[in-house]
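From first to last, the protein sequence lines are chains A and B. Here the working numbering is used: the first residue of the first sequence is 1, the next is one more, and so on. Here the working numbering is used: the first residue of the second sequence is 1, the next is one more, and so on.
For the record, the hints were derived by calculation from the structure and aren't laboratory data. Think of the CB as a built atom: it goes at the ideal place given N, C-alpha and C, for glycine as much as any other residue. Heads up, a few of these hints could be off.
From the derived model, a few chain A residues whose C-beta atoms are all more than 12 angstroms from chain B [unchecked claim]:
hint : residue
1    : Gln128
2    : Met130
3    : Gln226
4    : Ser228
Below, computed lysine to any residue pairings styled on SDA-like, alpha-carbon distance capped at 20 angstroms [said to hold, decoys possible]:
hint : chain 1 : residue 1 : chain 2 : residue 2
5    : A       : Lys69     : B       : Asn137
6    : A       : Lys106    : B       : Phe40
7    : A       : Lys13     : B       : Glu14
8    : A       : Lys69     : B       : Tyr31
Simulated restraints on C-beta separations [to be verified]:
hint : chain 1 : residue 1 : chain 2 : residue 2 : range
9    : A       : Gln226    : B       : Val17     : 46 to 54 angstroms
10   : A       : Tyr134    : B       : Gly20     : 33 to 41 angstroms
11   : B       : Val238    : A       : Glu203    : 52 to 60 angstroms
12   : A       : Ser10     : B       : Gly20     : 21 to 29 angstroms
13   : B       : Ala226    : A       : Lys52     : 24 to 32 angstroms
14   : A       : Tyr132    : B       : Ser186    : 54 to 62 angstroms
15   : A       : Glu137    : B       : Ala226    : 53 to 61 angstroms
16   : B       : Gly20     : A       : Ser21     : 29 to 37 angstroms
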Amino acid sequence: MIEIKELYKSFGKQQVLKGVSLVINEGEVTAVIGRSGGGKSVLLKHIVGLLKPDSGSIFIKGQDITKLKGIKLDEIRADIGVVFQGGALFDSMTVYDNVAFPLAEKTKLNKKGIYERVIKALSDVGLQGMEYKYPAELSGGMRKRVALARALIAHPKIILFDEPTTGLDPILVRSIHKLIRDTQKQYGFTGLIISHEIPEIFEISDRVAMLHNGKIVEAGTPEEIQKSNNIVVKNFIMGIENGGSDEERTS
Amino acid sequence: MISFIKFIGRYSIELFVFLGKMFIFLVDSIYYIFIPPFKFRNFLRQVRFFGNKSMIVVIFTGAFSGMVLALQGYYALNKFGAEALLGPVVALSLIRELGPVLCALMVTGRAGSAVTAEIGIMRITEQIDALTVMAVNPMKYVVVPNILAGIVAFPLLTAVFDVVGIYGGYLVSVHALGLSEGTYFSQMELYVDMEDIRIGLYKSLSFGLLVTWICTFMGYTSGYGARGVSRATTNAVVLSSVVILLWDYMLGAFLL
Numbered sequence: 001m002i003e004i005k006e007l008y009k010s011f012g013k014q015q016v017l018k019g020v021s022l023v024i025n026e027g028e029v030t031a032v033i034g035r036s037g038g039g040k041s042v043l044l045k046h047i048v049g050l051l052k053p054d055s056g057s058i059f060i061k062g063q064d065i066t067k068l069k070g071i072k073l074d075e076i077r078a079d080i081g082v083v084f085q086g087g088a089l090f091d092s093m094t095v096y097d098n099v100a101f102p103l104a105e106k107t108k109l110n111k112k113g114i115y116e117r118v119i120k121a122l123s124d125v126g127l128q129g130m131e132y133k134y135p136a137e138l139s140g141g142m143r144k145r146v147a148l149a150r151a152l153i154a155h156p157k158i159i160l161f162d163e164p165t166t167g168l169d170p171i172l173v174r175s176i177h178k179l180i181r182d183t184q185k186q187y188g189f190t191g192l193i194i195s196h197e198i199p200e201i202f203e204i205s206d207r208v209a210m211l212h213n214g215k216i217v218e219a220g221t222p223e224e225i226q227k228s229n230n231i232v233v234k235n236f237i238m239g240i241e242n243g244g245s246d247e248e249r250t251s
Numbered sequence: 001m002i003s004f005i006k007f008i009g010r011y012s013i014e015l016f017v018f019l020g021k022m023f024i025f026l027v028d029s030i031y032y033i034f035i036p037p038f039k040f041r042n043f044l045r046q047v048r049f050f051g052n053k054s055m056i057v058v059i060f061t062g063a064f065s066g067m068v069l070a071l072q073g074y075y076a077l078n079k080f081g082a083e084a085l086l087g088p089v090v091a092l093s094l095i096r097e098l099g100p101v102l103c104a105l106m107v108t109g110r111a112g113s114a115v116t117a118e119i120g121i122m123r124i125t126e127q128i129d130a131l132t133v134m135a136v137n138p139m140k141y142v143v144v145p146n147i148l149a150g151i152v153a154f155p156l157l158t159a160v161f162d163v164v165g166i167y168g169g170y171l172v173s174v175h176a177l178g179l180s181e182g183t184y185f186s187q188m189e190l191y192v193d194m195e196d197i198r199i200g201l202y203k204s205l206s207f208g209l210l211v212t213w214i215c216t217f218m219g220y221t222s223g224y225g226a227r228g229v230s231r232a233t234t235n236a237v238v239l240s241s242v243v244i245l246l247w248d249y250m251l252g253a254f255l256l
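Produce the complete structure using the sequences and hints provided.
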């Protein structure tokens, strides 16, 4: 459903993406793993059109979104939900207004319809009774759940998660992962998770791709990745600093 | 010598890029004013925000400006035996000049800085990106309501400033300096024309546009981290204040 072809992106003299190619299958959860600062979030921002690549293309529903602008790009975005790293909740709004926002802005649902959907979405993420709190009054884990509820509310076909569990304790990591897996089963969305939660991420992904030095060095099922002979992948999974040149590491 | 020319060249290019970005930002904002859906609630909320944030400081500054004008005006006019003209001096100074300028400076410091900081924080916490990916245009949702609110709120606040200032001047003139109440107001009525009020209104309206344009632009393009937002806020207040004074002179020279 999402096909990324030879994506290149530089910021000034720093080349972040050096020819990323990846296919994200429909109805599956694909995890992109890799070290911090490796360009994972930059890749995600390209998929949703927040950044334009220097070259390369991203096909969603057969359309190259790197070439789209304005209303045409918004039409594609209407099918995509994003859970940002910090949640990106609107801090001047309550939890209810945050979750209701995509419906209030983009649909013609009446107040009652919106209310029912919001309550259902909040209950799906285990946050009943929190509707009238402000994001600042919530814990980090709760904020991530609200962000997930907001991303789910419009039933998008694709959801992109930018490090949804960073900074959370292991119990919350598991609970957020379970939530992602359960909601994915329930709604059947195509998921892309940017993460470095090893080994937990393998439990909820159908496919895993490793981004290293601006390139996808290995992609496969969680089992294949865990048994990979690629030294970069092995070292990353075991938490060992890489040595030697990039060529040696990626060979 | 070559490095100096390089420095000037680089500085000039950066300046033109900055001004170009600002101009495009303004054109975009004006374009989105006319594109539905209209965010009327956001606009009203921002008018309230400007009024709520600035009213007390505007009343306070207005009162003391009027009082000090009366005090100093009386001293100067007394030398020519023209104290009777104190009312028109206070009113004309306030309506044509001090009201719009001081009010704009005060609102910039109070509400303009808050607008920059709020948009800057929305930028660094990815709230602007979140709007974009939800297919909600952030220019339309965040910037346009602020600019429209500025155009409406600045003249209203200036009107409050002028009225309070005139009454401040009245208190000092009549109750402290012994001028007759009738003289103060009748002379004012005689010398202040509708044209003077219109000039003050135009000024405050243009200040409203300028200040909200600069403050929203600075917030929208704010750098990362707390330092980025604090720098954007400082720049917004400094640039707005300088532009208010510059534009006031240019407009004064043009409208006189």
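Evaluation of the provided hints:
For A/Gln128, the shortest C-beta to C-beta distance to chain B comes to about 24 angstroms, beyond the 12 angstroms cut-off, and the non-interface label holds. Taking the minimum C-beta to C-beta distance to chain B, about 19 angstroms, the non-interface status of A/Met130 holds against the 12 angstroms cut. Every Cβ of chain B is farther than 12 angstroms from the Cβ of A/Gln226; the closest lies at roughly 32 angstroms, confirming the non-interface assignment. Consistency note on A/Ser228: stated as away from chain B, and its beta-carbon is indeed over 12 angstroms from all of that chain's, at 33 angstroms minimum.
Taking the CA atoms of A/Lys69 and B/Asn137, the gap is near 12 angstroms; set against the 20 angstroms cutoff, the hint holds. Between A/Lys106 and B/Phe40 the alpha-carbon distance is near 16 angstroms, which keeps this suggested pair within the 20 angstroms criterion. A hinted pair counts as satisfied when its Cα atoms are at most 20 angstroms apart, and A/Lys13 with B/Glu14 qualifies at roughly 18 angstroms. For a cut-off of 20 angstroms, the pair hint linking A/Lys69 to B/Tyr31 stands: about 17 angstroms separates their Cα positions.
Restraint check, A/Gln226 to B/Val17: a C-beta distance of roughly 49 angstroms satisfies the suggested window 46 to 54 angstroms. In this structure the supplied range 33 to 41 angstroms holds for A/Tyr134 paired with B/Gly20, their Cβ-Cβ distance being about 38 angstroms. Checked against the hint of 52 to 60 angstroms, the C-beta distance between B/Val238 and A/Glu203 comes to roughly 53 angstroms, which is consistent with it. Taking the beta carbon of each, A/Ser10 and B/Gly20 are about 22 angstroms apart, inside 21 to 29 angstroms as hinted.
At roughly 28 angstroms, the beta-carbon separation of B/Ala226 and A/Lys52 lies within the given 24 to 32 angstroms, and the hint holds. Under the hint 54 to 62 angstroms, the C-beta atoms of A/Tyr132 and B/Ser186, about 57 angstroms apart, fit the expected range. Distance hint for A/Glu137 and B/Ala226: a CB-CB separation of about 21 angstroms, inconsistent with the stated range 53 to 61 angstroms. Our hint of 29 to 37 angstroms for B/Gly20 and A/Ser21 holds, since their Cβ atoms are close to 36 angstroms apart.
The structure fails to meet hint 15 from the earlier list, while all remaining hints are met.
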